[in-house]
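A.B. asks: So the sequence lines, in the order shown, correspond to chains V and U. Under my numbering, the first residue of the first sequence is numbered 1, with each subsequent residue one higher. Under my numbering, the first residue of the second sequence is numbered 1001, with each subsequent residue one higher.
Hints are computed from structural coordinates only; laboratory data are not their basis. Don't take every hint at face value.
Simulated pairs of lysine-lysine, BS3-like, Cα-Cα distance not exceeding 30 Å [claimed, not checked]: (1) Lys1110(U) with Lys254(V); (2) Lys1059(U) with Lys254(V); (3) Lys1059(U) with Lys1033(U); (4) Lys254(V) with Lys228(V); (5) Lys137(V) with Lys1110(U); (6) Lys137(V) with Lys254(V); (7) Lys1110(U) with Lys1033(U); (8) Lys1033(U) with Lys1049(U); (9) Lys137(V) with Lys1059(U); (10) Lys228(V) with Lys1049(U); (11) Lys228(V) with Lys137(V); (12) Lys1049(U) with Lys1110(U).
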Amino acid sequence: MLRNKLVAAATLAAAALVTRHAYADFEMHYPIIDYREAELEHNGSTSVDNRSGMNNNQSYTVELGYGVTPWWEPEIEFDLGAAPGQNWTYSATTFENTFQLTPQGEYWADLGFFAEYSHAASRAAADAMTFGPLVQKEWNDAFGSGVDTLHTLNLLVSKQVGRNRNDATPVQLSWQSRLRLNAFFEPGVEYYGNFNNIADRLTMTDPTHRAGPVIVGAYNMYQYGKIKYEAGYLFGLNNATEGGTIRWRLEYEKSF
Amino acid sequence: MLKRSLFALLLSATLAAPVAAHAADPAFTLTIKDRTFDVAELDVPANVKFTLTVQNLDKVPSEFESSDLNREKVVVGGSTITVYLGPLTPGSYEFFDDFNPTARGHIVAK
């Protein structure tokens, strides 16, 4: 079963290698699939920095997804962005796939695999593939505190393909840890690191490293669906990164 | 070299079989019939992992959901699912059918 899932994941990954558009993607991917659930999702981010060339760098996505099987959720994503001082442009259309490789809670950690192909809207930009493992760990009663916690790790690599591609292989490392205090309000912290190229040394001098607080929550309307949100502020950890980035996610989902 | 190492890390992280749940984990069953759960309170041992089998005897789908337990899983009509839970600290954890929220119950870890 696991082998079948891995083969399917690898096949789609191979079919999906695209170049990621220029904007950083501040979106945590979770390895748990909600089978038979449709979702409409919006992600956004904007940078805050005194330096004019780094202020108001915006990125927006709208996504539609559906849990086709208990272990596979494909999504279509529409990406927009605006570099500092420039107008919005439609940057890419992306086909995302999330694979749940292990049943939730059966093993020490829950494992998934993410693969997407992003088709650049501009002929001057290259398409890109992004793929990698998703790991999630529930840690109940952390340190005997009585508080349940949830930890998620994404390790994604990208590769540009087709016209105008470059040979770099960027890596995105994302981490989120949150306290499951209440379904409406789960505070936590998260980190997003974007490394330019696998071939380079993975040091903190690489372009972008961000970390900061996040709030995650959900409002259940039962048979009418569920609204989920995430809101975070990421502090830039080096000079090459914007001083701050506001990111948010809003999602409506409904099971059928 | 570093590139190869990272790919190896990605591959091993994906393929490595995580530590399995213990074969002797206690098991419990919930049954959905006429769009209600057969028990309103299910006692389970605290601080151990356990499995919960949810059996839907109806023809329409239900969704076993619990915000307290961080679980949400559709149970198609006439089918059975397995939910892996715990270890839980002693206490009461509410669950419900998301498609029919009047159907509710509690898992009580003692």
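A.B. asks: Hint numbers the structure violates, sorted upward?
C.D. replies: 1, 9
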